[in-house]
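**Student:** Sequence lines, in order, name chains A and B. Position one of the first sequence corresponds to residue 1 (the working numbering), numbered consecutively onward. Position one of the second sequence corresponds to residue 1 (the working numbering), numbered consecutively onward.
Possibly wrong hints are sitting among the right ones.
[Said to hold, decoys possible] Taking lysine-lysine pairs in the DSS-like style, the calculated list, with each CA pair at most 25 Å apart, reads:
| no. | chain 1 | residue 1 | chain 2 | residue 2 |
| --- | --- | --- | --- | --- |
| 1 | A | K160 | B | K235 |
| 2 | B | K172 | A | K160 |
| 3 | B | K317 | B | K99 |
These are computed hints drawn from the structure, not numbers from a lab. All values derive from a computational prediction rather than experimental measurement.
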Amino acid sequence: MAAQTRPKRPFRWHIAIFLAPAVLVYTAIMILPLAGTLQLSLFRSIEQHQVFVGLQNFSTLFGDPNWSVGFWNALRNNTWFFIIHMLVQNPIGVLLAALLSSPRLRFAAFYRTAIFVPTILSFVIVGFAWKLILSPLWGVAPHLLDFVGLKSLFTPWLGKEQYALTALSLVSVWQFIGIPMMLIYAALLSIPDEVIEAAECDGITGMSQFWKIKLPLILPSIGIISILTFVGNFNAFDLIYTAQGALAGPNYSTDILGTFLYRAFFGFQLQVGDPNMGAAIATMMFLIILGGVCVYLFLIQTRLRRYQF
Amino acid sequence: MTTKLLTALLLGTSILGSAGLAHAADVTLNIESWRGDDLAIWKDKLIPAFEAKNPGIKVVFAPSAPTEYDAALGAKLAAGSAGDLITCRPFDKSLELFKKGNLADLSSLPGMENFSPVAKSAWQTDDGKASFCVPMASVIHGFIYNKDAFDKLGIKIPTTRDEFFAALDKIKADGTYIPMAMGTKDLWEAATMGYQNIGPNYWKGEDGRAALIKGEQKLTDKDWVAPYEELAKWKPYLGDGFEAQTYPDSQNLFTLGRAAIYPAGSWEIGLFNTQAQFKMGAFPPPVEKAGDTCYISDHTDIGMGLNAASKNADAAKTFLSWVASADFATIYANALPGFFSLNSAPVKMADPLAQEFVSWRGKCKSTIRSTYQILSRGTPNLENETWVESANVINGTDTPEAAAKKLQTGLDSWYKPAK
Numbered sequence: 001m002a003a004q005t006r007p008k009r010p011f012r013w014h015i016a017i018f019l020a021p022a023v024l025v026y027t028a029i030m031i032l033p034l035a036g037t038l039q040l041s042l043f044r045s046i047e048q049h050q051v052f053v054g055l056q057n058f059s060t061l062f063g064d065p066n067w068s069v070g071f072w073n074a075l076r077n078n079t080w081f082f083i084i085h086m087l088v089q090n091p092i093g094v095l096l097a098a099l100l101s102s103p104r105l106r107f108a109a110f111y112r113t114a115i116f117v118p119t120i121l122s123f124v125i126v127g128f129a130w131k132l133i134l135s136p137l138w139g140v141a142p143h144l145l146d147f148v149g150l151k152s153l154f155t156p157w158l159g160k161e162q163y164a165l166t167a168l169s170l171v172s173v174w175q176f177i178g179i180p181m182m183l184i185y186a187a188l189l190s191i192p193d194e195v196i197e198a199a200e201c202d203g204i205t206g207m208s209q210f211w212k213i214k215l216p217l218i219l220p221s222i223g224i225i226s227i228l229t230f231v232g233n234f235n236a237f238d239l240i241y242t243a244q245g246a247l248a249g250p251n252y253s254t255d256i257l258g259t260f261l262y263r264a265f266f267g268f269q270l271q272v273g274d275p276n277m278g279a280a281i282a283t284m285m286f287l288i289i290l291g292g293v294c295v296y297l298f299l300i301q302t303r304l305r306r307y308q309f
Numbered sequence: 001m002t003t004k005l006l007t008a009l010l011l012g013t014s015i016l017g018s019a020g021l022a023h024a025a026d027v028t029l030n031i032e033s034w035r036g037d038d039l040a041i042w043k044d045k046l047i048p049a050f051e052a053k054n055p056g057i058k059v060v061f062a063p064s065a066p067t068e069y070d071a072a073l074g075a076k077l078a079a080g081s082a083g084d085l086i087t088c089r090p091f092d093k094s095l096e097l098f099k100k101g102n103l104a105d106l107s108s109l110p111g112m113e114n115f116s117p118v119a120k121s122a123w124q125t126d127d128g129k130a131s132f133c134v135p136m137a138s139v140i141h142g143f144i145y146n147k148d149a150f151d152k153l154g155i156k157i158p159t160t161r162d163e164f165f166a167a168l169d170k171i172k173a174d175g176t177y178i179p180m181a182m183g184t185k186d187l188w189e190a191a192t193m194g195y196q197n198i199g200p201n202y203w204k205g206e207d208g209r210a211a212l213i214k215g216e217q218k219l220t221d222k223d224w225v226a227p228y229e230e231l232a233k234w235k236p237y238l239g240d241g242f243e244a245q246t247y248p249d250s251q252n253l254f255t256l257g258r259a260a261i262y263p264a265g266s267w268e269i270g271l272f273n274t275q276a277q278f279k280m281g282a283f284p285p286p287v288e289k290a291g292d293t294c295y296i297s298d299h300t301d302i303g304m305g306l307n308a309a310s311k312n313a314d315a316a317k318t319f320l321s322w323v324a325s326a327d328f329a330t331i332y333a334n335a336l337p338g339f340f341s342l343n344s345a346p347v348k349m350a351d352p353l354a355q356e357f358v359s360w361r362g363k364c365k366s367t368i369r370s371t372y373q374i375l376s377r378g379t380p381n382l383e384n385e386t387w388v389e390s391a392n393v394i395n396g397t398d399t400p401e402a403a404a405k406k407l408q409t410g411l412d413s414w415y416k417p418a419k
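The whole structure should be built from the sequences, with the hints applied where relevant.
**Tutor:** Next comes the structure, spelled out in structure tokens:
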């Protein structure tokens, strides 16, 4: 009787070896810090010693009005920040991509580059440039409005509680609009000509071609962009910090989770930093983003129809 | 980059040293600071003066941005990469560092005897037993004005509040100048140059401050709400769009000669002298009635301490003793008019504007900013809240009473004065 047992396959070391660099690097710079943050949020510094306190930091964060008011305010502002991006950045991004991919458009490469340039600018430059543009004293915004006779519409937007956050959201939209544009543009270009030609044979052209043929085909890309926007917005910090400072004035009206975390973790001026509370806020940010991504992955992405050509 | 290079070089020399190739290498001391504005003064005046007397010790002044300094320093200290000498913020920030063991005890440092207890108070433990920073300078609040503008409009220096507002009205009616250069965008201007500037006259300086710490007075008392009421009245005299006017904007407005009065801290003097093309003068915060005792904010602002983890502690102590000397005080006070030496030895200053500021020490009673000692230890942080509320009061988003109530509620939530 021939040996029934197949010869034992040797352990395939090469797989482990090839995976090792990526796994090690990712663990060292992503997983360990994340685990460290989660751990830090369960401790509290009592007389210079880290003491395990369970979920007490979280109950302080949500139960103590000194913290919870700030947290909910930051979360609300952050949500508004995200809504503006979804309502302004992504539709305009799609529109720009649709215009760019139109074969009749001249200088498409120039426009594409020009619109994408702000994205690669440092946020410090963007923050300061816009602060100057909108400055009531030396900014160009009041003069430009004056040219078209709309000077009365000008207010010091960044200094007014009711406008500051929206103004900054729009600045952020201005900066990052290149990303949805490029992704959608690539998606539009990858639609095979046969599909478009078939549509034209069926008499679907112009706008209805965009709505009925192209948009369904780029929906997965729009989904990816939405989730990128979500993650980016809820991690945002830099623009607010450069434009409004860590106290996110006026009256905390531009305070988002990132700046709230910064003040708690590192402290500000006379406020001494509290790394444990900071870590608790960071953990909440992580959970919020995780939740959002899960909703997208399990509820939305599975329902998106994909087309294979 | 350069610090990294230096560290690498130092590491290199230490390794070589242990290999037996040692020769007297220069010790390099790094100074951490938030005073980027002073870079030139340190490089051109202070450091050469020190190095000339102490061959073998090199000093590098490495400042970071003021708003980032505390966070950056904390991170560097934790990581062990902070400089040997640390510029100290007054009170709790530094006390915290000392308690954590980041700052060395300097009580026995030669030169510490040159400072009065008040000067040292900002960098001592609560019981006053240990000192951990050498006091360098204080800043005085007041108003700097454009002399040319005042002469042109025939305005005399206001000494009472009524005169002050009459002067503002006159400037506003004339229309050539913005009456007052201040914005609320950066928040701290409103609190530091506004509330803490005019406040001491209302709460009677140290008396009120001590009573607040003891719990005998509250921020909702008349003396503490009144400065907010005055601040609220400033609004019509500020420039167009002051809500989005930043601190550098205010400085520029004044030095370009577009504004007549600038609520100031004396630290502005150096910059204003180089930038303003007109004559300037200064007056202390006006009092209610002529002849009232005046109070000024003479705030202990800068000290210098020793990083407890420094590898060059002896050289650093030599440097700190020099910082405590009259030599340093003279160079510093003259190089940086507006930062007034806390050294007991009287320092001769050449700058007339600085002389004007420091002369108030003689006729008014000095105090420090009310929120700095003890009261900003908890959450919410009283100093930060004062920034936000002062801006709110000027913007008109909060009434003076509402602002005071918010501050007191926040303070009550964690501060229980010892009875």
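**Student:** Verify the proposed pairing of B/K317 with B/K99, using a straight-line Cα cut of 25 Å.
**Tutor:** Measuring from Cα to Cα gives roughly 20 Å; hence the hint holds.
**Student:** Please verify whether B/K172 and A/K160 have alpha carbons no more than 25 Å apart.
**Tutor:** Holds, at roughly 24 Å.
**Student:** Would you mind confirming whether the straight-line C-alpha gap from A/K160 to B/K235 stays at or under 25 Å?
**Tutor:** holds, 14 Å
Hint compliance for this structure: every hint is met.
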